[in-house]
Amino acid sequence: MQPFKYIKVPDTPAAIRAAGINQAKFIAGGTNVLDLMKLDIEKPRQLVDINQLSLYKIEELQNGGIRVGALVKNSDLAYNPAIKKNYPLLSEAILSGASPQLRNMATTGGNLMQRTRCPYFYSTDFACNKRVPGSGCAAISGYNRMNAVLGTSDHCIATHPSDMCVAMAALGAVIHVQGAKGTRAIPFADFHLLPGQTPHLEHNLKADELITHVELPPLAYAARSHYLKVRDRASYEFALTSAAVALDIQNGIIKAARVALGGVGTKPWRSIAAEQVLTGLPPNTASYQKAADTAMLDAKPNKDNAYKIELAKRTLVRALTTTGEIS
Amino acid sequence: MNELTGKPIDRVDGRLKVTGGATYAAEFPVKNVAYGVTVTSTITKGRIKNIDTGAAGKMPGVLGIMTSENCMQLHFPAGSDPGAGKYAEKDLLPLQNDRVFYGGQHIAVVVAETFEQAEHAAAMVKVEYAEQTPVVGFEKNALTAYKPASGLGGAETQVKRGDADAAMQTAAVKTDATYTTPVFSHNAMEPHASLAVWEGDQLTVYDATQSVMGVKALLSAMLGVPAEKVRVIAHYIGGGFGSKGFTWANPFLAAMAARQFNRPVKIALARQQVYSTAGRRTQTSQKIALGADRSGKLLAVKHATISETSFVDEFVETAGVATPMLYSSPNVDVSHELVRLNRGTPCPMRAPGESVGTYSLEVAMDELAEKLNIDPLQLRLINHADTEEQKKKQFSEKSLKECYERGAKAIGWSNCPAKPGLTKEGRYLVGYGMATATYPANRSASSAKATLFADGHAEILCGTQDIGTGTYTIATQIAADAFGLPVDKVTVKLGDSMYPKGAQSGGSQVTASVGPPIRAAALGAVDKLITIAIADPGSPLHNQKREDIITGNGRIFLKDDANKGEPLVAVLSRKGLDKIEADAKTNVSTRPSLPAPAPAGSPEAKTEEESKTNMAVQEDENTDRSAYAFHSFGAQFVKVLVDPDLGTIKVDKIVGVMDIGKVMNLKTAVNQIKGGMIFGLGMALMENLQYDPNNGRIVTRDLVQYLVPVHADIPEIEVQFIDRPDLYISPLGARGIGEIGVTGMAAAIANAVYNATGKRIRDLPITPDKLIV
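Going down the list, the protein sequences come from chains A and B. Counting in the UniProt record's numbering, the first sequence runs from 1 upward without gaps. Counting in the UniProt record's numbering, the second sequence runs from 1 upward without gaps.
There are no misleading hints in this set.
The list that follows gives simulated cross-link-like pairs (lysine-lysine, BS3-like), each with its CA atoms no further than 30 Å apart: (1) A:K300 x B:K759; (2) B:K31 x A:K5; (3) B:K126 x A:K5; (4) A:K25 x B:K126; (5) B:K58 x A:K5; (6) A:K290 x B:K650; (7) B:K667 x B:K17; (8) B:K31 x A:K38; (9) A:K38 x B:K58; (10) A:K303 x B:K770; (11) B:K140 x A:K303; (12) A:K290 x B:K759; (13) B:K58 x A:K43; (14) A:K43 x B:K49; (15) A:K73 x A:K38; (16) B:K140 x B:K160; (17) B:K401 x B:K391; (18) B:K287 x A:K303.
FYI, nobody ran anything at the bench for these hints, they're computed from the structure.
Make a model of the complete structure from these sequences and hints.
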């Protein structure tokens, strides 16, 4: 690990001032950035501890949405009664990730910023375009059972690891950031970037910008929602595949739907095409299967991860079935 | 006597461990310690052209960088007795030349004032290689397989009985399939670590090892330091599972660096360095053919294993080791072949051979049962081996049929669906599976010293070690019974090469090996005390007969009149003695791979320590050890629930009924077996160390990627013991328990998954992707 300076900042303006200089990185829960620093993958000269900032609130908004401070711990968010009631898929997604110890440290903003667990990204004796731009991608011809099948490029097939983000993608959350030049609101779909030819660029956040909160828009039917995660062991493991879904069922017809997939995409993968397929159909297996086929239409398998295409479809069908059965 | 042995007392070291008071190798507070971090190769094969340490050497806190250019020379250790320590990679002594045989090989050590400085500097060392094309991929290189001359310690690897090929022709019902298992890692919680301290020419190494005696012997031989100048200490070990049984580069690197930089040096490996440099279970491909008559009686068993080893040593995973013995069959053909790959050397891992071997053989038996339309349990009973048919010996004790019976009852075997893939509980497919568990009972020569002190407490010294299994506790129980003292008056000291030579913690042999000398030494001390009392006119036992006197509750007294006697301490104080000591050695070995004990009186029979202390060599009551075959057995039963759509497997219940001789402590015994069963569950369902298919370096770098079962994966586990003493192995009747729990478990799970789904997965681990195809 490269030596670094560590400072604590009292408020958001101070954090933003500190952010632009000395290759600084913010640290909140530290559950991912410290791992990366120990391996010399992240090499900040300065760590800016933002835990003193007043970004811990979960506020119910007039419009029916919820505003989540960037420093809200994953556990606090998952167990928040309003979240459990209005957005059960988000609560379930968070609780399916990591372990209680990690969730007690990890924050909402940090979770948005977590980086892939592609082993080739972590192993500095392998080529990785994300870690060293232009060095190549060892995963494409390597062992890629856990890698992505959607949103990949010839330069990167790393999976986005977050569960929370999959639920937020489905909900169409809005990420609020503050920088030297003021505040911005970034739609969830625009926050994470596809690898394309620049896999090292993962999000659309400027160096001096700080995530201050995430707004969950009002979505009444999200009360009928579900997150399903399939993995190699029962806990403390990233998804092989996952699905976050919400269904608005009225008079035996799906009026609206939300569908996002995890474990298969290079970013949290919302499928608006699948949502459109579902809309107007009856809530049954045939409809769900159609949506699943649509969601995975563009999937591109590699040597070890072709199973993800079928498994993701089954995961989505199961998640939709379970959601459809919620009374 | 025998009041405490067998009782489920708490671990005597439990409190120390959970409060952080137990000191592990890297934790010893040594003054002025420096930190060593190794630089590892980033190529898979080739030569090091240049190591540029210029920038790294100038970094803050760096004391120096040890490479093959400047380090001390090592000597290859003579002798091959595993009891005397086995250096794992005979053709790769640490840092002795410029050759790279695998990715992640130690090629330099940066030593600095702090760990962080050493690590940072290690990342700044620039290495230039002349890269060569490595041999990559097990399956791809299967054609290069060769037959090794022998396995570990000379074990037989090619075993034939009758004519299996001819018999197979006549068999009415046959199975023939290939089973594959991936590389597994031991993943002991404590990574390998060594802390070396030189005081003049005296070397002390605190090491995470399963054999303080082995490491001592190897340090002495390889560094060229007289044995009496080397001390190895391992008071507590955070698990080994075989990975700390062989000795790897770490203690040598620490000792070499400590001498070179004239400072105590501590080297603790990172998890990925453990994976690359400190052993693993090899990948296997096992072809098993079974032939039976219509009644299910086996006529032929063929078990051909290919496994892989490195270019710097030869380790054979003897997957077929139990096959000639496990079932009755007139014809058997077991073979082992090896492929060499540019990987670190594999080594024993909890039930080496039997773990992966019982997976394939016991799945094959399940497949045969199905073809015969016979209940899988019934097929085992039909083919039960009443004797050891390969060696033509009686088993010392075997209660396997009782294990089957009890296990079947506990799991509810009668609920096992006759046809696979049809029975549901809710949305889940239900399946039951079973398999036989087996592991040999080993025992080797060991010694111990017992001391009774005038203040009423007693002490045992024994140069074995407790790798987390409960040896401290069991040794305390055995000693307390022999002394006639309560447990809290007995202190057992282990894990120091200064103590009398004890067994290595491997091969499930510690209890059977060190129990007898510990008991004998304690009895010896009591006997000396009683002799003094009888001769002492001041004692109430003056002139009593020796055989009438027993010990208990801290006293010696007449067995017919407990009031007539006195406290142990009274004898000592009257004589003004501060202590009484006795040594004992039991000079036996049942491990077939070890050379037979030297005849009494021959020069080899006495070790250096013995000659010095004039230690008595004791033989057990039963000396005719060669007449029997010593094996533990068990039955594993599993119930699984499989989600047919998602391919996820929930193990619902597992039952293990074990026949391991006398249970020395029910708590530690259940703990050992449960741990083994969970080990087997991990092997069946998730564990898997991957190498890059292109360059052959390890991809699975840490516990994020190498999955072991978490609590949520572990079902209700029921462990039962037959608890029938095996008095042929030792007077204590215990056969050892460390490894058998793993065996059979992967097969029982695989068989249950088949019973649930009708899908026969012959490639471990059984993960959702394989079930949804």
